[in-house]
Structure formats: C-alpha cells, structure tokens
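Q: Spelled out from the first residue to the last, the chains are:
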Amino acid sequence: MKKTAFISAAAAAVMAFGATAASAATLDDVKARGELRCVVSTGLAGFAYTDSAGVYQGFDADFCRATAAAVLGDASKVKFVPATGKTRFTILNSGEGDVLWRNTTWTFVRDVDVKLTFVGVNYYDGQGFMVPKSLGVKSAKDLDGATVCIQTGTTTELNLADFFRTNKIKYEPVPIETNDESRTNYLAGRCDVYTTDASGLAATRSTFPNPKDHVILPEIISKEPLGPAVRQGDDAWGDTIRWVLNATLAAEELGITQANVAELAKGTNNPEINRMLGTEGDLGAMLGLQKDWVVKVISAVGNYSEIFERHIGPSTPIALERGLNALWTQGGLQYTPPFR
Amino acid sequence: MSEVAQHYPPGQHPDMPPPAGQRGVLLWLRTNLFSSWINTLMTIVAVYLLYKIVPPLLDWAVLDAVMNAANRDECRQLGSGACWAFINDRFSILVYGFYPAAERWRVDMSFILLCLALVPVLFDHVPFRKPGLIFSCVYPLIAGWLLLGGFGLQPVGTDEFGGMMLNTVVGVTGIAFSLPLGILLALGRQSHLPIVKSCSVCFIEFIRGVPLITLLFVASTMLNYFLPPGTTFDLLLRVLIMVTLFSSGYIAEVVRGGLQAIPKGQYEAADSMGLKYWQSMRLIVLPQALKISIPGIVNTFIGLFKDTTLVLIIGLLDVLGIGKSSLADAQWNGLSNEIYVSIALFFFIFCFGMSRYSIYLEKKLDKGYKR
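Those protein sequence lines, which keep their order, are chains A and B. Quick note on the working numbering: the first sequence kicks off at -14 and runs consecutively. Quick note on the working numbering: the second sequence kicks off at 41 and runs consecutively.
None of these hints come from the bench; they were simulated from the model. Heads up, some of the hints might be wrong.
Derived list of chain A stretches under chain B, where covered just means 3 residues or more per stretch with a C-beta under 8 Å from a C-beta of chain B [claimed, not checked]:
#1 188 to 196
#2 297 to 305
No farther apart than 30 Å at their CA atoms in a straight line, the calculated lysine-lysine pairs in the BS3-like style are these [claimed, not checked]:
#3 A:Lys64 / B:Lys346
#4 A:Lys71 / A:Lys208
#5 B:Lys346 / A:Lys71
Taking CB as the label site, the calculated pair distances span [to be verified]:
#6 A:Pro160 / B:Gly197: 34 to 42 Å
#7 B:Thr254 / A:Glu204: 33 to 41 Å
#8 B:Pro96 / A:Gly174: 17 to 25 Å
#9 B:Ile78 / A:Ser124: 51 to 59 Å
None of these values were measured; they are calculated from a predicted model. Cβ coordinates follow ideal geometry from the N, Cα and C atoms, glycine included.
Let the hints inform the model, and build the full structure from the sequences given.
A: Dropping the structure here:
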C-alpha cells in the first residue's frame, strides 16, 4: 500500500509539473487509436481471467468490451492491460491505460490523493472471513488470537487492522502477496482465518476439495464499492464511462436484453427506451458517441443482470447472489440516474 | 581336506581376485554409502526420505493423474492426483500467449531456426560452419520478420506475444546482445581514456545499483512522462532494451574479473609484439579472460532468463502471467501446483541446458591447465 501510494504520488508530482503525456481528451485519443486500452486484473476468478483460447473473460472484462462497443462501435477493439494491485494506478496515470475496470475499491485517498476519478460502482463488495468449521467459531468477534492470511497492498489489510482494534481483540497477520498464496496457506493450516472480499471468499471456497468444511462468518466488516476509474481532469471521458455503466443498469431496469435490443431499437412507445437506444433525441452526440451506442453495448455484452449471471451469478462456479448488487427496485443499491 | 596352503617363491604369486567384501557392488556400497558411521546414518536417513517422498510424488504426478477432463470438478472425480488436463487445456496459450492461432507456425519456425542458428555458434566441429555462422548473424532479422510479420506475412503486434514464447524472445535477445555490450563495457572500464572509463564506470554502477524491476517499471510507465505526448514506443522493445542493458552491466563486471586475472606479462607480451590495442585484446587477452569468466557469464545468463518473468509487473503476460491469469478461471481455479510445476519444468530445461553447455565449454577449453 505504501509503495503504491509512493509511486502514485511520484506520478502525480510529475503530472503536476505539466509534463503530462496523457492528453486531456482521452475519448479522441481512443477513437484515433481505434482501440481501447482497458486495465484489468492479472487474474481474479469471475472478474478477469484468460480462457483456453487466450481471450480475456469475466465481469470486468465485459465492461471493458461494453466501453469499446460504446466508443468504437466494436466490442472486440479492446487491448487488455493486465495490472497488479501495485501498478494499476501508475499505468492509468501514465496514459498506458485509458480506463480501469479492475475490481478497485473506491476510497477517499484514491479518489482525491491518487488523482483518479471514480465514476460509479459496478460491484458492491465487503470484506468477510472464512474459517474451518472444526474451529467452532460463530462470529468474527470470537477470533481473538487467530492467525490471519492477508494480501498486502490492499484495503483488506487496513480494514482488518481497524476491525480488530475497534473490537479490542488480537490477531497475528501472515502477509501474503496473491490470493492464490493465501488459499494455499489457509488450506495448509498456516493461518486460521482467510479474509478477503466476500465475492472472493465464495469463489475461493468453491475451489476447495471439501467446501462444506469451511464456513463464511456473518460479519461483513467493510464497504468495498468496486468501480471503474479514469484519470482526474478528463470529465468528458469520465462521463462516457459512467454512462456506459448506467446504460447496462438502465437496460436491466427497462427490460432491454441482448436478445430483444435489436427489436426495441426499431422504436417503442416507451420514450426512455427510445432515448437510450437513439430513436428519439440525440443523447449519443452529447457524449461524442454514435446515436446507437447503447444498442452496441447491449448487443455486445447484455444488460447488467446478463453480465452478472454470465460470470459470477448463481449458475456459475462462483455462485454469488445479487445481494447489494440487485437493482434498487429489488432491494439492492444499483441505481442509475435517468436517461433524459 | 585338499586345501593345503600353497607356497610360491617370492615374486611368483599369481594375481588373485580381492576377497568378496572388497570388490564389486559390496565394495562400492562400502566406500560410497557406509564408509563411516556418519555416512551410514546419512544413507539410512536419505533412503527413508526417498521412501517417504518418491511414492506419493509418483502417485500424484503419474499414477493418479488425470490427463483429460473438462474442468476441475471432473478432474477431482476422475483421480486424486495432478490434474494435467488443465495444462493440456492451456498448453497453447502457455506456449504462444495471444499469438494468432493461424500464425503460430511462425513461432515454431523461428524456434527451429534459432536452434539451427545456435549450432555453429556453440560447437566447433560441425559441417558447414562458415556459412552457418553467416546464417547465425542474419538470424535476428529473420526471426524478427517471422515473429512480427510484414513483407508478405500478416503483421502481429508485440502485445500479442506471451507465454513461453515471450520469455524466450526476451531471454535470447538479452543474452545475445548483452554479451558483446558487456565485453565492451568491461574493456571501457579498464581503458586508459578518461571519458570512456568514467562513462563505463557510471553506467555499470548505475545498472548494478538499481533493481531490474525498477528499470522495467520506468520503461513501461515513467517514460511516458518524459517523451513528447503522442510518442508511441513499443513496450516490448523498451523491455528488451532494459533487459539487455541490465544484464550487460553484470556481464561487464564478470568479464572485468577475467581481465584482471590475466597476468600483466600477457599484456606486455602483446605490446612487445607490436600488436595494436584491438589486436592484442582479440588475439591474446580476451580469449583467456573470457575462458576464465565462463561460469560467471553463464550464471548471469541463467539469472537473466529467470528474470524474464518480471515482465508480469509491467503488464506483459509471460508464461507465469498466463499461468496466474488461467488460475483465475472459475473452471480450473485452485490448481496452482500443476501450473507452477509445469512452469518450473520449462525453466529448468532451459537453465539446466545452459549450465551443461557451460561445463562442456569449460572442459573443451581447459587445455594446458589440467592438473
């Protein structure tokens, strides 16, 4: 975390010099290049990984495709830039990447001090704990004296310290570099507790030889709003990303799916659908995009629910419930401002 | 009772075989495994450890292993050992990265040609060595053309390089270009010309004082702050330059060690023959100095080859990066042993090969110094 902060601070200092290589109009740059450089994780189950054909797949990868579909009209024109937790912000700030769709928690420091602009939340997560059932622990507050495997350089590490301090209990941290290492260490019994974002817990547990021997404790100790980020100072590009995300949410809300979008794009009697799909008004032009940008997005990757179900939903090995990520109409937090 | 001790006159005793305990297998066992109580103890411990380790390892890697399955769960049902089906499934991207499937023959081709180009460089007594060496010199151009395309081949961007192919490209380029550069730097450091000398010293000390990761990081992200906006400068090219410069700094120091080990008399002898600087270096000093430096040079090369995995930090997916991102596939998630074992095997083959070649070379050049 410190290293990240230092590198980012150094990057920010250079930018403040005025020697910035990243010109303000990212949208024009992307269009001129004909390719979107999208920063993703080097590997996180369900969110970004390579399939056997070497193609990036996952929840975040699909939002990259959605962005390319909106901006360039072609979902395949994405160059995925894999980044580790430590390099992601520098890659974005130096202009090597155009947008960060990389399960990155929106925090005050990152938004303000690291000079990023977070433009939305595509997944509401929170940190949880998993312990072996044999330990007989029912609540995270019973974890006094436990050894905990934590990934360094993440918000997880800081949340954990906060949680144990507030509850006045002690723990022994085992610092670990990657999720895969923590999994191995936890299974080998080198730590009693495995902690990461709840989405990661479920995904990791599904890979255990005996998933039933492990319980996920009820406490969620932090807020982890994961969302896309862009460089600070390019509001127009930030708007584009924000409304790509919003379009997938609005599409779910209005019942626009990959299957029926072509049909609906011929015109309906719902004015909001018409505005979104470009048959009424000219919202696309205001963003500097084609009239049918939402049609391109939805026909490429589908609406929010379709992306969710395809990569991390109950029918996948990750098996996550919608929970907080349900639409606001269904008791969740996903809410988009109107297309008007 | 016919066994009567025979008597021979002194010096006439025929050769008799040594007693049973002093020959063959028993002798070997005795001298090599049970020569003292401490060796006996270590033999017993070693046999016990082998007994503990080898059978489970064999079970895991061979007997209970699963070669074909569609995903992890199927693997687990079919066998309790290694799930090589995962490697099977990912083999082509582990090798070729994102290189377009239809064009992969070009990677194979350049690898085969690489082997051919190496033969005349590495060995003396091969047929057609002269034309072979010319081929070796133009090989980098051929390989560049094959891998990047153009001139009749479909162009492939360097961002599509990945997997073992990326490690090999970075490693081989680094090795091929850092050796001459390193020798020049070592000579520069020994030079009597103050500017040449101070430049070489500064360069070598700078390179050795900075971790490779930092250099790669500067190459990948920080460069953009200093170059004029809009400049595009291929990422792989930056990596190749950095890796070459980095290992040339180390090679320079290894070669300098060799140069300093040459007795002063050799330099003076060369001077008294009236040889010019480059002549004396080429004919007298360097052949001896390089011979002494072989282990150090190969050591640096092996280190360089393994360091190619660091490109993961700057967003290039080498074989380790591909492995990591494949592990995140929910279909196969959690099979880290299989993937890391395979990658380790890949590196072992290359590094062990280099190390064996260095031993061969040392033996071959070890003329007149045998004790």
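Q: Hint by hint, note whether the structure agrees.
A: Hint-by-hint comparison with the structure:
no.: 1; hint: 188 to 196; result: holds (count 6)
no.: 2; hint: 297 to 305; result: holds (count 3)
no.: 3; hint: A:Lys64 / B:Lys346; result: holds, 27 Å
no.: 4; hint: A:Lys71 / A:Lys208; result: holds, 21 Å
no.: 5; hint: B:Lys346 / A:Lys71; result: holds, 21 Å
no.: 6; hint: A:Pro160 / B:Gly197: 34 to 42 Å; result: holds, 37 Å
no.: 7; hint: B:Thr254 / A:Glu204: 33 to 41 Å; result: holds, 40 Å
no.: 8; hint: B:Pro96 / A:Gly174: 17 to 25 Å; result: holds, 18 Å
no.: 9; hint: B:Ile78 / A:Ser124: 51 to 59 Å; result: holds, 55 Å
Hint compliance for this structure: every hint is met.
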